[in-house]
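Place chain B with the ligand on chain A using the hints.
Residues per chain are reported as follows:
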Amino acid sequence: MAKLDTGKISNVSKQGVENRDCSIGEILRQRGVSRRDFMKFCSVMTAAMSLPATFAPKVAQALDKVKRPTLVWLELQSCTGDTEALLRSANPTVGEIVLEILSVDYHETIMAAAGHQAEAALDKVIVEEKGKYICVVEGSVSMKNGGIYASTGGKSHLDRVRQVCGGALATIAVGTCASYGGIGAAAPNPTGAAGVREAVPGATIINLPGCPVNADNLTATIVHYLVFSKLPALDSYGRPLFAYGKRIHDNCERRPHFDAGQYVEQWGDDRHRRGFCLYKMGCKGPATFHNCPTQRYNEKTSWPIGAGHPCAGCSEPNFWDTMSPMYKRLPNVPGFGIEATADKVGVALVAGAAAAFAVHGTLNAIRKDKEPSDKGKEE
Amino acid sequence: MSESCKFKRYIWELPVRWCHWINVLSIALLAVTGFLIGNPYSFGKSASDFTMGWIRFIHFTAAYAFTVSLASRVIWSFIGNRYAQWREFLPFLYVKGREKMIRMLRYYMLLDKEVPETVGHNPLATTAYLVLFFLYITMVLTGFSLYAEHAPQGIMHKSLGFMYSMFSNQGMRLFHHFSMYLIFGFIVNHIYSAWLMDIKEHGSEISSMFSGYKFTVKREE
Ligand code: SF4
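Taken in order, these protein sequences are the chains called A and B.
In terms of our numbering, the first sequence opens at residue 231 and continues consecutively.
In terms of our numbering, the second sequence opens at residue 207 and continues consecutively.
Same shape as in the complex, but just chain A (with noise of 0.2 Å):
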């Protein structure tokens, strides 16, 4: 993976308020990038927002003439992977670009400014930019005993995400945190973690599954936006019908194996060496979706199964507790202890019911009864 890139990241804040004037086509040339690279992340994006490749003239067209929206980035109960896997990307260009193309105004993580300074950039845009900004959540927001577990600036989270989201155009939840409460919201949950869906619910939200989200499937969304001047079609959890739309084990490229009946039994066998299917090492594929096996990470380097790993489901709701074991295909039966599965008690519970009728149908047949005709009337 490539260093940070320590000067993109300082002018972030600057940059933000100097050009909002200028076309996004205008600041790329400004900023020397090539029309070249311009085009190439064009047709990126154009695959990101599962859209033909004859769209990426348009695409690119619409871009140069648009102008940037004002973006916040929150940082609530996280670990900063969603930045992460923003910030590094491998290819230092299109990360520019990304970077040129979100005018981040306010990001706890990466701005230069700091304390209050900072915090008065947050207000300038809750005020001068309302309904017109963009807000990206990361991780989830504490909502028990009134959100007393987690603040920044001296504020609540809750109370935070309700002014910041509440006034925004709208709202992009980054991760499955920001999501649906991520791993804050696994059981036991003591800090009452949600997704911003949940903490502010009415306002506009699209939810970006993931952990880490797919940085190219925030900057598609935010593409389809400066494109078509409207959020992409969502599916019922709120994510875009462009990257969450299809399942991962039907686009997956170990299913030859899988239809196959090829599949990996242990670590490090030779069908893992071979690449087979991780059906049996609990691979949560067929329950997950996302678009990991087209779009991978890292600039399209890799993706979990990919580098021989189960999906893990991380991008479904309650992941944490409803995907789990990770390495096996069902959950456990709740109220058996641990380690019950499916079969175990299963079996044992039809190894009861056989037991019970042998022993009937041992005393029935030594035990004489009264057959109907032995009645000789009728009722």
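Please note: incorrect hints may appear among the correct ones.
To be verified - The calculated DSBU-like cross-link candidates involving lysine-lysine, where the alpha carbons are at most 30 Å apart (straight line), are: (1) B:Lys406 with A:Lys598; (2) A:Lys360 with A:Lys460; (3) B:Lys406 with A:Lys600; (4) A:Lys600 with B:Lys306; (5) B:Lys214 with A:Lys600; (6) A:Lys385 with A:Lys360; (7) A:Lys598 with B:Lys214; (8) B:Lys251 with A:Lys558; (9) A:Lys510 with B:Lys364; (10) A:Lys295 with A:Lys530.
If you're looking for bench data, these hints aren't it; they were derived computationally from the structure.
What follows is chain B with the ligand alone, placed relative to chain A:
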């Protein structure tokens, strides 16, 4: 041994018997293929084999057959004879049904020695069938919900939307898998009871599912 004559009675109409045996066949196929889908055996010798593909194909085809059979049986419960009627499956709603159920229960618990003769279904059995029916419905719903995910936003996926909002994906898998054992438990019970009633009632309980005829002392209930 009794010397009284028995009445030969047509109880199980053709659609009832067809549904019964289609259910038997499809459940057998579904259980075997379902088990292989849940715990696959590496049959594949080369990547161009299609063993899991075929196993799943059989599972889905049998699932459709089972669903159609189930739906037909529901429809038949409104047009078939009194022994096939939907009321038969709610015996606990009627005084007579409750009485018979208690007699049946006492007999099963070895408290009574008198075998209660039933012309059609016995009320204890139909109550079990009602529970089984709901088990079947959830089996069908979870099964098709998991199946429909290959075509997200399709008609089937959209119309089963309520399932995805009620249950987690893995939760449906667990239920679908575990319910197979519940159905196995029922089958053990069902075959045993049929055998028991056959040897006790002397009314051709088992063969009636092939022929449709039972032999009873009582003329009408
Ligand atoms: S590795 Fe996982 S997603 Fe890929 S085919 Fe196998 S089960 Fe499906």
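Against the structure, the hints come out as follows:
no.	hint	verdict
1	B:Lys406 with A:Lys598	holds, 9 Å
2	A:Lys360 with A:Lys460	holds, 17 Å
3	B:Lys406 with A:Lys600	holds, 8 Å
4	A:Lys600 with B:Lys306	holds, 17 Å
5	B:Lys214 with A:Lys600	holds, 21 Å
6	A:Lys385 with A:Lys360	holds, 20 Å
7	A:Lys598 with B:Lys214	holds, 25 Å
8	B:Lys251 with A:Lys558	holds, 24 Å
9	A:Lys510 with B:Lys364	holds, 29 Å
10	A:Lys295 with A:Lys530	holds, 28 Å
Hint check: no violations occur; every hint is consistent with the structure.
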